[in-house]
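S.K.: The whole structure should be built from the sequences, with the hints applied where relevant.
Listed below are the residues making up each chain.
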Amino acid sequence: GENVEQHPSTLSVQEGDSAVIKCTYSDSASNYFPWYKQELGKRPQLIIDIRSNVGEKKDQRIAVTLNKTAKHFSLHITETQPEDSAVYFCAASITSGTYKYIFGTGTRLKVLA
Amino acid sequence: DTAVSQTPKYLVTQMGNDKSIKCEQNLGHDTMYWYKQDSKKFLKIMFSYNNKELIINETVPNRFSPKSPDKAHLNLHINSLELGDSAVYFCASSQGAKDSPLHFGNGTRLTVT
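Order-wise, the sequence lines are chains A and B.
Counting from 1, one number per residue, gives the positions in the first sequence under my numbering.
Counting from 1, one number per residue, gives the positions in the second sequence under my numbering.
Treat the hints with care, as some may be off.
Said to hold, decoys possible - Calculated from the model, a selection of chain B residues having no Cβ within reach of chain A, i.e. all distances over 10 Å:
(1) Leu27
(2) Gln95
(3) Ser100
(4) Gly107
Unchecked claim - Label-pair distances were calculated between CB atoms; the ranges are:
(5) Gly96/B <-> Lys110/A: 31 to 41 Å
(6) Lys110/A <-> Arg109/B: 18 to 28 Å
(7) Pro82/A <-> Asp38/B: 24 to 34 Å
(8) Thr10/A <-> Met15/B: 31 to 41 Å
(9) Thr78/A <-> Gln14/B: 47 to 57 Å
(10) Pro61/B <-> Val54/A: 38 to 48 Å
(11) Arg63/B <-> Ser18/A: 41 to 51 Å
(12) Val54/A <-> Phe42/B: 41 to 51 Å
These aren't lab readings, by the way, just hints derived from the structure by calculation.
Idealized CB from N, CA, C, for every residue including glycine.
M.R.: Here it is, written out as structure tokens:
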């Protein structure tokens, strides 16, 4: 069925290092891939998104890459800071029947000062 | 000025009770959603409404009944609450059903004792 796998489930990095979170989706018709950041006790907030006609998108310290053939997409955070510590969710649009988003299971990122 | 607002923020109640959560968005979006986030942080879609019409119902028990009086409001009524209903419930909205990011409310933490 429709599925988005996300790895790793937890990730600890030293401040200043890079962090990479990877997702795999199952629906080859998916065409929109947002990433959300959820700080403790708060709502998920969109940090970056990518559409299927683009292979890479960058916004300051964060970037997302998409490999449609392999059905993989990844979030890259460079020069991590303590305030990057949060749970990150990837999502993929699913178009079977009705349009919706399926979320990955989340990655808890800890940036160690 | 909150774009997607939901009330209450916290809800503590006993098993068997009936409760409601209200959601309103002032973004002019035509699609609204309810997501459930369990203790493991998994985000699962429950319902989606487009212009007051139900378009997604993800095999949620019929104790859960969404109601959309207009496209700016999507309320969630839960009958005969069970322990397993304890979770954080997020309302969200988007413009159109395709290809546009979700805007989440701040969540309602429901605790059933």
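S.K.: Against this structure, judge whether each hint is valid.
M.R.: Results for each hint:
Distance check on Leu27/B: its Cβ is at least 13 Å (rounded) from any Cβ of chain A, clearing the 10 Å threshold; non-interface status holds. Residue-level check passed: Gln95/B sits 12 Å from the nearest beta carbon of chain A, beyond 10 Å. Consistency note on Ser100/B: stated as away from chain A, yet its beta-carbon is not over 10 Å from all of that chain's, at 8 Å minimum. Not every Cβ of chain A is farther than 10 Å from the Cβ of Gly107/B; the closest lies at roughly 6 Å, contradicting the non-interface assignment.
A C-beta distance of roughly 36 Å is found between Gly96/B and Lys110/A, which places it inside the suggested range of 31 to 41 Å. For Lys110/A paired with Arg109/B, a C-beta distance near 23 Å keeps the hint of 18 to 28 Å intact. Checked against the given bound of 24 to 34 Å, the beta carbons of Pro82/A and Asp38/B, roughly 27 Å apart, stay inside it. Range check, Thr10/A to Met15/B: Cβ separation about 33 Å, and the 31 to 41 Å hint holds.
At roughly 49 Å, the beta-carbon separation of Thr78/A and Gln14/B lies within the given 47 to 57 Å, and the hint holds. For the hinted restraint 38 to 48 Å between Pro61/B and Val54/A, the CB-CB distance of approximately 40 Å keeps it satisfied. One distance hint, 41 to 51 Å for the beta-carbon pair Arg63/B and Ser18/A, holds here, with the actual separation near 46 Å. Checking the proposed 41 to 51 Å range against Val54/A and Phe42/B shows it is violated: the Cβ atoms sit about 28 Å from each other.
In terms of the numbered hints stated before, the structure departs from hints 3, 4 and 12, listed from lowest to highest.
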